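Trainee: Listed below, chain by chain, are the residues.
There are 2 protein chains.
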Amino acid sequence: MKNIDVLVIGGGPAGIISSSTAKAVNPEKSVGMVREEPNFMIPCAIPYTFGTLLPDTEKDMISSDVLRGAGVDVIVDKIEKVDLEEKIAYRKNESIKFEKLVFATGSLPNIPKIGGVDAEGVFEIEKYKREVDKFNSYLNGVESKNVVIVGSGFIGVEVAGELVQTGRNVYLVGSSNRVLKPAFDAPFSEKIEEELHKLNVNIMNSTRVEEIITEDGKVKGVKLNSGETIETETVILSIGYHPNSELAKASGVRTGVKGGIWVDEYMRTSVEDVFAVGDCAEKKNFLTRDLSNVMLASTATAEARIAGSSLYNLRYVKGFTGTVATFSTVVGNLCFSSVGITESEAQKEKIDFVTGEFEIINRHPAVLPGATKQKIKLVAMKRTGAVIGGQVVGGVESGELVNLIGLMVENKMTIYSIINLQFATHPLLTASPLAYPVVKSAEMIAKKIDSCFI
Amino acid sequence: MKNIDVLVIGGGPAGIISSSTAKAVNPEKSVGMVREEPNFMIPCAIPYTFGTLLPDTEKDMISSDVLRGAGVDVIVDKIEKVDLEEKIAYRKNESIKFEKLVFATGSLPNIPKIGGVDAEGVFEIEKYKREVDKFNSYLNGVESKNVVIVGSGFIGVEVAGELVQTGRNVYLVGSSNRVLKPAFDAPFSEKIEEELHKLNVNIMNSTRVEEIITEDGKVKGVKLNSGETIETETVILSIGYHPNSELAKASGVRTGVKGGIWVDEYMRTSVEDVFAVGDCAEKKNFLTRDLSNVMLASTATAEARIAGSSLYNLRYVKGFTGTVATFSTVVGNLCFSSVGITESEAQKEKIDFVTGEFEIINRHPAVLPGATKQKIKLVAMKRTGAVIGGQVVGGVESGELVNLIGLMVENKMTIYSIINLQFATHPLLTASPLAYPVVKSAEMIAKKIDSCFI
Numbered sequence: 001m002k003n004i005d006v007l008v009i010g011g012g013p014a015g016i017i018s019s020s021t022a023k024a025v026n027p028e029k030s031v032g033m034v035r036e037e038p039n040f041m042i043p044c045a046i047p048y049t050f051g052t053l054l055p056d057t058e059k060d061m062i063s064s065d066v067l068r069g070a071g072v073d074v075i076v077d078k079i080e081k082v083d084l085e086e087k088i089a090y091r092k093n094e095s096i097k098f099e100k101l102v103f104a105t106g107s108l109p110n111i112p113k114i115g116g117v118d119a120e121g122v123f124e125i126e127k128y129k130r131e132v133d134k135f136n137s138y139l140n141g142v143e144s145k146n147v148v149i150v151g152s153g154f155i156g157v158e159v160a161g162e163l164v165q166t167g168r169n170v171y172l173v174g175s176s177n178r179v180l181k182p183a184f185d186a187p188f189s190e191k192i193e194e195e196l197h198k199l200n201v202n203i204m205n206s207t208r209v210e211e212i213i214t215e216d217g218k219v220k221g222v223k224l225n226s227g228e229t230i231e232t233e234t235v236i237l238s239i240g241y242h243p244n245s246e247l248a249k250a251s252g253v254r255t256g257v258k259g260g261i262w263v264d265e266y267m268r269t270s271v272e273d274v275f276a277v278g279d280c281a282e283k284k285n286f287l288t289r290d291l292s293n294v295m296l297a298s299t300a301t302a303e304a305r306i307a308g309s310s311l312y313n314l315r316y317v318k319g320f321t322g323t324v325a326t327f328s329t330v331v332g333n334l335c336f337s338s339v340g341i342t343e344s345e346a347q348k349e350k351i352d353f354v355t356g357e358f359e360i361i362n363r364h365p366a367v368l369p370g371a372t373k374q375k376i377k378l379v380a381m382k383r384t385g386a387v388i389g390g391q392v393v394g395g396v397e398s399g400e401l402v403n404l405i406g407l408m409v410e411n412k413m414t415i416y417s418i419i420n421l422q423f424a425t426h427p428l429l430t431a432s433p434l435a436y437p438v439v440k441s442a443e444m445i446a447k448k449i450d451s452c453f454i
Numbered sequence: 001m002k003n004i005d006v007l008v009i010g011g012g013p014a015g016i017i018s019s020s021t022a023k024a025v026n027p028e029k030s031v032g033m034v035r036e037e038p039n040f041m042i043p044c045a046i047p048y049t050f051g052t053l054l055p056d057t058e059k060d061m062i063s064s065d066v067l068r069g070a071g072v073d074v075i076v077d078k079i080e081k082v083d084l085e086e087k088i089a090y091r092k093n094e095s096i097k098f099e100k101l102v103f104a105t106g107s108l109p110n111i112p113k114i115g116g117v118d119a120e121g122v123f124e125i126e127k128y129k130r131e132v133d134k135f136n137s138y139l140n141g142v143e144s145k146n147v148v149i150v151g152s153g154f155i156g157v158e159v160a161g162e163l164v165q166t167g168r169n170v171y172l173v174g175s176s177n178r179v180l181k182p183a184f185d186a187p188f189s190e191k192i193e194e195e196l197h198k199l200n201v202n203i204m205n206s207t208r209v210e211e212i213i214t215e216d217g218k219v220k221g222v223k224l225n226s227g228e229t230i231e232t233e234t235v236i237l238s239i240g241y242h243p244n245s246e247l248a249k250a251s252g253v254r255t256g257v258k259g260g261i262w263v264d265e266y267m268r269t270s271v272e273d274v275f276a277v278g279d280c281a282e283k284k285n286f287l288t289r290d291l292s293n294v295m296l297a298s299t300a301t302a303e304a305r306i307a308g309s310s311l312y313n314l315r316y317v318k319g320f321t322g323t324v325a326t327f328s329t330v331v332g333n334l335c336f337s338s339v340g341i342t343e344s345e346a347q348k349e350k351i352d353f354v355t356g357e358f359e360i361i362n363r364h365p366a367v368l369p370g371a372t373k374q375k376i377k378l379v380a381m382k383r384t385g386a387v388i389g390g391q392v393v394g395g396v397e398s399g400e401l402v403n404l405i406g407l408m409v410e411n412k413m414t415i416y417s418i419i420n421l422q423f424a425t426h427p428l429l430t431a432s433p434l435a436y437p438v439v440k441s442a443e444m445i446a447k448k449i450d451s452c453f454i
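Order-wise, the sequence lines are chains Z and S. Residue 454, in the working numbering, is where the first sequence stops; the numbers in between run on with no holes. Residue 454, in the working numbering, is where the second sequence stops; the numbers in between run on with no holes.
Derived from the structure by calculation, the hints contain no laboratory data. Some clues are possibly wrong.
The list makes no distinction among identical chains, and a pair is therefore deemed to hold if it is satisfied within one copy or across any two copies.
Dumping the calculated DSSO-like pairs for lysine-lysine here, alpha-carbon to alpha-carbon at most 27 Å [as the list claims (entries may be wrong)]: (1) Lys29 to Lys78; (2) Lys412 to Lys382; (3) Lys2 to Lys134; (4) Lys129 to Lys92; (5) Lys440 to Lys97; (6) Lys59 to Lys373; (7) Lys134 to Lys97; (8) Lys412 to Lys318; (9) Lys318 to Lys447; (10) Lys145 to Lys97.
Quick caveat: nothing in here was measured; it's all calculated off a predicted structure.
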């Protein structure tokens, strides 16, 4: 039997960061991570391996040597059972005795309950190189140029935008009335759809796939709820993921109604010395306290840093208590980012909110290189002005601009403090200091709140 | 005599924002702004009118019609005297009776005490179109390709980078041992110098111009403290600016040792109903409380928003109490940003500090388009871990990344809360979630602080 002080099960972003943080914080402890593939695929970049940017999946890999260099023992294997009382994890031929255990087992794709999902030609976006390579080689072999993507969330949208650039006819079929609905309000979804249209993606909103049509166990098409059928040999399912928590559940830790492993603010599970981080751990929305389906590498790594540094003692007061769901994507020539609560969500959740938005060019004057329209929308609580959400569309700066808004959300900052802030501006990098959109949006909210007091 | 409830003297960023905010907050009041030129030149983009990006200065103008549309009376004139007891401002032919007055008179270039500064061919970078046009037309007329820029601060650096691209031989002469010393630590200054070298700018650090050599009142060259002379017909002085506070001083408001108009946290001067904002108002460093020479449009607009909304009553608790000196610049192919205290400054000011830095590619994987090395350095207080400064070099995202760090500085956030934060990452927009540089720098600081406790 092998002895490893800190054992991490799972080798995605959550596993990598919890094991490397554990080793950095406790250099005297041995830290091991068990993963199924020898090296790590950058999950968020998988859509680009289907397009023109990363045709070689090797380029999307991070070697385990980086982790080994940090002192983490990387074991390529699968844990089949965990005994939490004896503190032993069982591999096929060997067992590992541990002091602390971290579940970082990730998530599994949701499969719709329709006919034909098991046919050859139906794929989910999985995070293993072998699966990605299998998909790419299948796609190179088929005759039909048609690809049907089921689900218009961010993986569906990104994969559609990439596949269409390799000459495929892409059908993006979503049951929502607009793409990326959970993260964006309608005007932003519309801009995303405009960009997808320019790329020649066929968007089919408010549409359900009722059945995958097969012949000899192979995909031949899909039948839609409209009665229409689309001929295709390739169907991609991207209707979300669910926590991969079977191993944990079988070991006796508590899981929630959505299948996530229950954790407290320090990522401790219901069993002492056992932690869970990333997609397999239960998530709550920072504001509504509802269970959240949002699974992001950024959330996973934040959780992993907390778990990794809280294994043997608590070092910091835990700063946040729920996911703010912050992410960015690129569609066509525009970048879209979102954090926190959207206006649609605020309405649905009966939050007393007020919004402000502002659009301007992201350079000043607007004739400078890189100039793109930049639009920011903030959502705030009506009484306090606390910022609870933001959406951005613009150039590449959107990726960090949303982190600026995310910081406001996580810190419960109000629009009144934002109005006072000093922001760096530069002609070639940002909007004008005269009309910096974060400030202008905050001012618009202040004005709306003012009008309630008259 | 004309009656204007709120009179703003000065039409730069501070004047524009204080007058437009005053009108937005007090729509029932008349608001007027007096400026010397009919329209407004975007000051931060002036260097680009000397290069290839904005050769036509018209493209760098904002029409006063925007302000008029917001209900501000724009008066093109000069105020020659202000009587604060009677509340009357005197123009050449007319006088204006006001209730509230805002000084937004900006700054004037510093002139070194050396011979020859009055000669034809010596220029300062002024913020009026007429002055910029005069310089550009002079430059087109001279025979010598040599241009000597005195002062290696950010205006000197930006003007050098632009002029050299129009085929000039540019000498950047600075008394500091490296460029942009107040904003950056040595390794960042070195990278800036590397970029300037690639553009063929001649950098002459630790060098002083002792005399401007003239003939018939025209520039013929400069004499350096090394004894060397440089032949040139064009000298640009960019050794900083000082508050343009003469009008205010003559009217009786208190000014400080550096000439700035004394103001409190709401930008109120020593005289009731009189405010001052922007470069003409005294600035204090947010941490050291020393008087600060930093003059930025972003600070000016933040002050103007506070003054404009505090004229008749206080509406918000003032959030910040000093300049954090946040700015960005572009040199060659890299973007550089800075906020707060540098390591050099922390040493000089005897601050108990600790630093962390991290370098990575700003895309993941690193082969994606737009990939550039990104380096972040954070400076924090040793005991609390409060972030007091940050520096960034990288791609265009640096412009908003520094605002993220600025928000941490202004909010007195500690590195422990940063480690807990959720940051959005995307392959095409940011560094990897596994090694997001702001978090990695914070972790490095945490580790250094930890080592003090052993």
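Trainee: Each hint needs a verdict: does it hold in this structure or not?
Mentor: Hints, one by one, checked against the model:
For the homomeric pair Lys29 and Lys78, the shortest alpha-carbon distance inside one copy (22 Å) is at most 27 Å, but the shortest distance between copies (73 Å) is not. In this assembly of identical chains, the alpha carbons of Lys412 and Lys382 lie at most 27 Å apart whether taken from the same copy (13 Å) or from different copies (26 Å). In this assembly of identical chains, Lys2 and Lys134 lie within 27 Å of each other by CA distance neither inside one copy nor across copies; the values are 34 Å within and 79 Å between. In this assembly of identical chains, the alpha carbons of Lys129 and Lys92 lie at most 27 Å apart only when taken from the same copy (22 Å versus 77 Å across copies).
Taking identical chains as interchangeable, the C-alpha atoms of Lys440 and Lys97 are never at most 27 Å apart, the minima being 57 Å within one chain and 31 Å between chains. In this assembly of identical chains, the alpha carbons of Lys59 and Lys373 lie at most 27 Å apart only when taken from different copies (18 Å versus 32 Å within one copy). Proximity of Lys134 to Lys97 under the C-alpha cut-off of 27 Å is found in neither arrangement, the shortest distances being 35 Å within a copy and 79 Å between copies. In this assembly of identical chains, Lys412 and Lys318 lie within 27 Å of each other by CA distance both inside one copy and across copies; the values are 15 Å within and 17 Å between.
In this assembly of identical chains, the alpha carbons of Lys318 and Lys447 lie at most 27 Å apart only when taken from different copies (18 Å versus 34 Å within one copy). Within a single copy, Lys145 and Lys97 get their C-alpha atoms no closer than 52 Å, and across copies no closer than 75 Å, so neither meets the 27 Å cut-off.
Comparing the model with each numbered hint stated earlier shows that hints 3, 5, 7 and 10 do not hold.
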